[in-house]
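Taking the hints into account, I'd like the entire structure generated from these sequences.
Under the working numbering, the residue at position 407 of the sequence shown is numbered 407, and the numbers go up by one with no gaps.
Don't take every hint at face value.
[To be verified] With a cut-off of at most 30 Å between alpha-carbon atoms, the simulated DSSO-like pairs for lysine-lysine come out as follows:
no. : residue 1 : residue 2
1   : LYS183    : LYS69
2   : LYS368    : LYS438
3   : LYS402    : LYS438
4   : LYS378    : LYS368
5   : LYS438    : LYS378
6   : LYS42     : LYS183
[Unchecked claim] Using C-beta positions, here's what the derived DEER-type ranges look like:
no. : residue 1 : residue 2 : range
7   : ALA337    : LEU311    : 51 to 57 Å
8   : SER381    : LEU207    : 51 to 57 Å
9   : ASN149    : PHE200    : 21 to 27 Å
10  : GLN188    : VAL380    : 45 to 51 Å
11  : ASP345    : ARG231    : 44 to 50 Å
12  : HIS133    : ASP176    : 28 to 34 Å
Calculated directly from the structure, the hints in this document are not laboratory data. These numbers come from a predicted model, not from an experiment. Using N, Cα and C, we set each Cβ at its ideal position, and we do this for glycine too.
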Amino acid sequence: MTVPNDPNRKSTADSQTSHEFAPVMSLERQLPQLVDHADVDKIEQLLEHYPNHELVRAVSLLDDHARGKLIDLIAPELAADLVEQLPTVQAVQLLEEAEPDHAAAVVNELPSDLQADLLSDLDEDDAEAILLHMEPTEAQSARELQQYNEYEAGGLMVTELLRYPDSWTVQDVINDLQAGAEKYRDYQIQYAYVTDGNQFLRGVLRLRDLLLGSRSQVIRNIMIPSPLSVRANMSLEELHGFFQQHHFLGVPVTGDNGQLVGVVQRADVDQAWIEIQDRSFLRRQGILRGEEIRVMPIWERAQGRLVWLSLNIVLNLLAASIISRFESTLAAVIALAAFLPIISDMSGCSGNQAVAVSIRELMLGLVKPRDAWRVWIKEVSVGLINGMVVGVLLGVIATIWKGNWVLGLVVGMALTINTLVAVSIGGLIPLLLRRLGKDPAVASGPLLTTVTDMCGFFLVLSLASAWLEYLK
1 MTVPNDPNRK STADSQTSHE FAPVMSLERQ LPQLVDHADV DKIEQLLEHY
51 PNHELVRAVS LLDDHARGKL IDLIAPELAA DLVEQLPTVQ AVQLLEEAEP
101 DHAAAVVNEL PSDLQADLLS DLDEDDAEAI LLHMEPTEAQ SARELQQYNE
151 YEAGGLMVTE LLRYPDSWTV QDVINDLQAG AEKYRDYQIQ YAYVTDGNQF
201 LRGVLRLRDL LLGSRSQVIR NIMIPSPLSV RANMSLEELH GFFQQHHFLG
251 VPVTGDNGQL VGVVQRADVD QAWIEIQDRS FLRRQGILRG EEIRVMPIWE
301 RAQGRLVWLS LNIVLNLLAA SIISRFESTL AAVIALAAFL PIISDMSGCS
351 GNQAVAVSIR ELMLGLVKPR DAWRVWIKEV SVGLINGMVV GVLLGVIATI
401 WKGNWVLGLV VGMALTINTL VAVSIGGLIP LLLRRLGKDP AVASGPLLTT
451 VTDMCGFFLV LSLASAWLEY LK
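Structure, rendered in structure tokens:
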């Protein structure tokens, strides 16, 4: 998962330092030269003082060899900071190009959720080589997290949390915090979590209560008992809805047996939500992999797009096959050709409106696939009104334009009926795809377009064929 850039990373005091190299040449020109000369000190100065967006751009312009050399040269902590700012595709490339031992040192510095995400995206052999060089506890944690889906609570959670037995006193907790200060400094801490001897979640300990409580108090007496938690298999949609309802910064995650396994942060859920929306948008535009940036190999990018383009050839041929059956009708009434794209486009617009509403309601949890009948009734009601209105308008325009009221009747009826078909399909296809376990945002559009084109062409041309003698 890509970690969002922090606009406040660089203080005002750093701003002058960050541009000490600028008068000489730009960052994207300096960095390749410094990497080539293995000037570690200057490279690390650049990484520490330049804003994130400039670093990401400069790294993306390096060739494969230079990127691998860069991550091998710099300290693992700095390399980890850099990896966190990069898009997932680039972060994976960077780790693949580094030596396994150095890549492992970098991964050790990353949050546990990001470790699992990147290792899952790596080639299996590369990931295994990195895991073998990681610290045993870190490697074991990463392997466990890799078992979860990337967009479930288990895949989004971090395992770095404060966890204490319910028999401990306030003084015991404070002693642990002081002893582990160096390790805990990198944790995102809002609460400590209280467990019993079997690691079952029993309560949440606010740091405020910890500081104000008596040192001899047992923490089970000052904790918030029976806190809300989520299961490790909770979907991103459900998590997003959970945080919409509850203004928590994080929520504990429990396994199937009820044991505490991690914490999901609100910020990570929000970032994943944005990420999955971006991927859905790209898929709707024909980028079926859901992510593409221009540093990816050309053949990989072309292959991802060709799948969509090839599918569209097939779908368009199906629509064209309808027209080919009515060539004689089109030849006799050439005016029909002007209205075919209008009916197709207008119906497609109505259908896409229904698709958008269904996908939104699915994402918000307002409808389930079993609600298909209710969805269809509501869409048909809207479609009937809108279809009649736009059908009458198009019929009147056709009559005035071509001077033939029968032509106006044909195109008006075809648009009305096809609008009903379009909203019915547009409302129901996302529910059907969700039932089949497919992404409604990806497949709904092409299916809707094909069906509405075929139905629209068929309706116009079949009605015209029936009344052909009145149209000549």
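Verification of the hints:
1. Taking the CA atoms of LYS183 and LYS69, the gap is near 29 Å; set against the 30 Å cutoff, the hint holds.
2. Proposed proximity of LYS368 and LYS438 is supported: the alpha carbons are some 14 Å apart, at most 30 Å.
3. Between LYS402 and LYS438 the alpha-carbon distance is near 45 Å, which puts this suggested pair outside the 30 Å criterion.
4. Using a Cα cut-off of 30 Å, the hinted pair LYS378 and LYS368 holds, with the two alpha carbons roughly 15 Å apart.
5. For the hint pairing LYS438 with LYS378, the CA-to-CA distance comes to about 24 Å; that is within 30 Å, so the pair holds.
6. For the hint linking LYS42 to LYS183, the alpha-carbon distance of about 28 Å falls within 30 Å, and the restraint holds.
7. Taking the beta carbon of each, ALA337 and LEU311 are about 26 Å apart, not inside 51 to 57 Å as hinted.
8. The supplied range of 51 to 57 Å is met by SER381 and LEU207, whose beta-carbon atoms lie about 54 Å from each other.
9. For the pair ASN149 and PHE200, the supplied restraint of 21 to 27 Å holds, since their beta-carbon distance comes to about 24 Å.
10. Checked against the hint of 45 to 51 Å, the C-beta distance between GLN188 and VAL380 comes to roughly 49 Å, which is consistent with it.
11. For the hinted restraint 44 to 50 Å between ASP345 and ARG231, the CB-CB distance of approximately 45 Å keeps it satisfied.
12. Between HIS133 and ASP176 the beta carbons are some 30 Å apart, a value that agrees with the proposed interval 28 to 34 Å.
In summary, the numbered hints that this structure violates are 3, 7.
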